[in-house]
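Sequence order for the protein chains is S and G.
First residue of the first sequence? That's 2 in this note's numbering, and the numbers climb one at a time after it.
First residue of the second sequence? That's 53 in this note's numbering, and the numbers climb one at a time after it.
Please note that the accuracy of each hint is not assured.
What the hints assert, rightly or not - Some chain G residues well away from chain S (every beta-carbon gap over 10 Å; in silico):
1) 53
2) 56
3) 57
4) 72
5) 76
6) 116
7) 118
8) 135
9) 136
10) 137
Said to hold, decoys possible - Here chain G is said to cover these stretches of chain S; the calculated rule only asks that three of the stretch's residues, wherever they fall, bring their Cβ under 8 Å from a Cβ of chain G:
11) 222-231
12) 236-250
13) 263-273
14) 323-331
15) 362-368
16) 385-393
17) 420-430
No wet-lab data here; the hints were simulated from the structure.
Just so you know, these numbers come straight off a predicted model, no measurement behind them.
Every residue, glycine too, gets a C-beta built ideally from N, C-alpha and C.
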Amino acid sequence: MEIYRFTARQLSLMLSRKEISCEELVRLLFAYIEKRDPELRAFLTLCQESALEQAKASDLRRSQGRSTGILEGLPIAIKDNICTQGIRTTCASKSLENFIPPYDAHVIEKIKEQGGIVLGKTNMDEFAMGSSCENSAMFPTLNPRNPECIPGGSSGGSASAIASGMSPLALGSDTGGSVRQPASLCGIVGLKPTYGRISRYGLIAFASSLDQIGPMARTVEDVAFLLQAIAGKDNRDSTSLNEPVPDYLKRLQEFPAGIRIGIPKEYFFDKMDREISSACQKAILSLEKKGAKIQEVSLPSTEYAIPTYYLIATAEASANLARYDGIHYGHRTSEKNIKEGCGKSLDILYKKSKGESFGHEVKRRIMLGTYVLSSGYYEAWYLKAMKARALLRQEIQNTLSCVDALITPTSPIPAFKRGEKISDPLAMYLCDIFTVTFSLSGNPAISVPCGTNSQGMPIGLQIVGKFLDEETILRLGYACEPN
Amino acid sequence: MVTLEEIQHIARLCKIYLSPEEEKEMVKDLETILSYFQKLKELPTENVMPALSSIEIYNVEREDIEKQSLTLEKIARNAPSFQEGFFVVPKIVGT
């Protein structure tokens with residue numbers, strides 16, 4: 002049985018009809034992972050033993066008529082910055098190489114409560130800082146569509162696992178595009194929900210005012226399904242929103258007739274990759290044929306989004322990553338280094354522990370963040386960025402009061418070759434140009450595949466919704482799929 | 053213009069050891085990145101209230117109820133050095 006071809010919804014039906022047992026399903030998937038992962042390297046940790054145990058427990062519950070929830074028996078891959086009790090969680094960093102969380106993240110609790118099965122932990126750019134998965138301190142992950150290319154990032158491991166069929170479902174995290182961009186580059190579906198829709202409890206923080214956990218899968222229906230399982234208020238994350246969670250699957254297949262879609266002209270500029278632009282235009286045209294009202298809109302502050310995003314994200318990161326001090330957990334420098342510190346040994350402990358265990362991009366972002374927060378620069382950079390954020394947010398909310406959704410390409414370029422941008426940080430930052438704006442504003446945004454270029458590499462369409470209106474963008478995304 | 057002295061000062065503030073080569077690279081990288089970011093200065097932001105977050109949530113309160121938290125033993129498991137209920141750090145008073 003070609004297990005990797007099935008969607009989560011199909012697997013769920015097969016399990017409930019007893020066409021396959023959960024144990025068989027998990028065994029087949031691990032056999033397939035054994036075949037594919039040595040090349041793609043999407044996983045940092047595989048949890049075969051515990052997954053099989055969970056699978057047997059799921060089969061037992063089912064046979065006794067005690068199935069627990071919508072994810073019963075479904076395998077899920079988890080990005081390695083989401084804490085899993087008893088399972089190593091590294092953030093793809095040397096600093097957390099041996100970190101075993103003593104608790105589960107809120108989303109993991111929800112997955113377990115509903116019978117989901119954790120397959121393993123996926124590779125990422127270190128501390129989610131990057132757009133290519135090349136910043137992993139462990140190894141790079143490859144794009145299943147072309148192994149010479151990067152899978153995107155930072156949730157590149159999750160995207161590669163889904164695109165290759167090693168897992169039907171995955172969780173990623175998105176700070177400036179880290180779910181949407183790899184989804185686009187690997188030809189799968191990835192959703193960044195509204196900021197606050199999903200609890201961040203147990204998500205290792207990068208930039209707290211921007212981080213959101215997001216579901217990834219091969220179909221919009223599967224993404225909706227996983228969102229349903231993990232969305233909602235959690236008291237342990239004070240920014241999670243106390244708003245009712247709608248039934249995302251109920252009207253998924255119904256096209257929202259008469260819907261007004263805005264196309265921001267700044268996202269289809271002259272020098273853009275022609276193939277990406279035309280694939281997106283084609284998708285927009287097909288939505289128009291189904292009854293959407295398309296209109297051009299303008300988001301003139303877009304050109305300020307990259308500096309605004311990187312100033313805020315690095316400032317927050319510099320504070321969040323101060324905790325890896327070599328004392329409470331994580332890497333500590335050798336006793337020899339500490340002893341040589343004579344009188345300054347605590348200082349040496351901090352500096353060497355961080356200096357030895359953080360990769361170059363992480364150090365660069367902590368340095369940049371500390372710089373823009375430091376005395377004399379705070380107002381010119383950080384405060385300026387927070388004001389720009391207010392303007393950007395206002396502009397988007399104003400636009401979204403005239404239309405129901407926005408459509409843009411997800412990424413200005415398709416998956417690029419490994420090594421192509423790694424030595425040019427600014428070029429790498431510019432990969433996020435279409436996604437960061439909606440991270441700054443907090444709006445939900447989904448990337449759905451809308452074709453391939455002449456090299457066969459996937460192109461993604463980004464659909465942005467009003468605050469807490471995941472439902473509409475899921476329905477539009479569904480309408481873009483070949484049905 | 054980012055200088056080597058500034059990079060050394062910032063590295064001291066965030067307590068990260070950088071090799072001399074890394075310091076030089078940092079000067080170049082931050083210089084390139086910040087020159088591009090200068091663009092932001094064009095954007096007029098007088099009288100704009102800064103946005104700390106994308107949502108307006110203030111003062112989230114809860115009842116002050118005692119709850120079981122993680123045990124010391126569980127917390128200590130990830131500590132590089134832990135003895136008798138304490139995180140061990142190097143001696144920091146004069147020898």
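Consistency of the hints with the structure:
Every CB of chain S lies more than 10 Å from the CB of residue 53 of chain G, the least distance being 13 Å, so the non-interface label holds. At the 10 Å boundary, the C-beta of residue 56 of chain G stays outside the reach of chain S, the nearest C-beta of that chain being 13 Å off. Distance check for residue 57 of chain G against chain S: the nearest CB is about 13 Å away, which clears 10 Å, and the non-interface claim stands. With 10 Å as the threshold on Cβ separation, the claim that residue 72 of chain G sits away from chain S holds: the shortest Cβ distance comes to roughly 12 Å.
With a cut of 10 Å on Cβ distances, residue 76 of chain G stays outside the contact zone with chain S, its closest approach being about 13 Å. The claim that residue 116 of chain G lies off the interface holds: its Cβ sits roughly 13 Å from the closest Cβ of chain S, which is beyond the 10 Å cut-off. For residue 118 of chain G, the requirement that its beta carbon stay farther than 10 Å from each beta carbon of chain S is met, with the minimum near 15 Å. With a least CB separation of 13 Å from chain S, residue 135 of chain G remains clear of the 10 Å interface cut-off, as annotated.
For residue 136 of chain G, the requirement that its beta carbon stay farther than 10 Å from each beta carbon of chain S is met, with the minimum near 16 Å. The Cβ of residue 137 of chain G sits about 14 Å from the closest Cβ of chain S, beyond the 10 Å cut-off, so the non-interface label holds. Given as covered by chain G, the region 222-231 of chain S fails the check, having 0 residues with a CB less than 8 Å from a CB of that chain where 3 are the minimum. For the region 236-250 of chain S, the stated coverage by chain G holds: 4 residues have a C-beta nearer than 8 Å to a C-beta of that chain, and at least 3 were required.
Note: the region 263-273 of chain S has 0 residues with beta-carbon separation from chain G under 8 Å; the three-residue rule is not met and the coverage is violated. For a cut-off of 8 Å, the count of residues in the region 323-331 of chain S with a CB near a CB of chain G stands at 7, and the three-residue condition holds. Check on the region 362-368 of chain S: 4 of its residues sit with their Cβ under 8 Å from a Cβ of chain G, so the three-residue criterion for coverage holds. A stretch counts as covered by a chain when three or more of its residues have a beta carbon under 8 Å from one of that chain; for the region 385-393 of chain S and chain G the count is 8, and the coverage holds.
For a cut-off of 8 Å, the count of residues in the region 420-430 of chain S with a CB near a CB of chain G stands at 3, and the three-residue condition holds.
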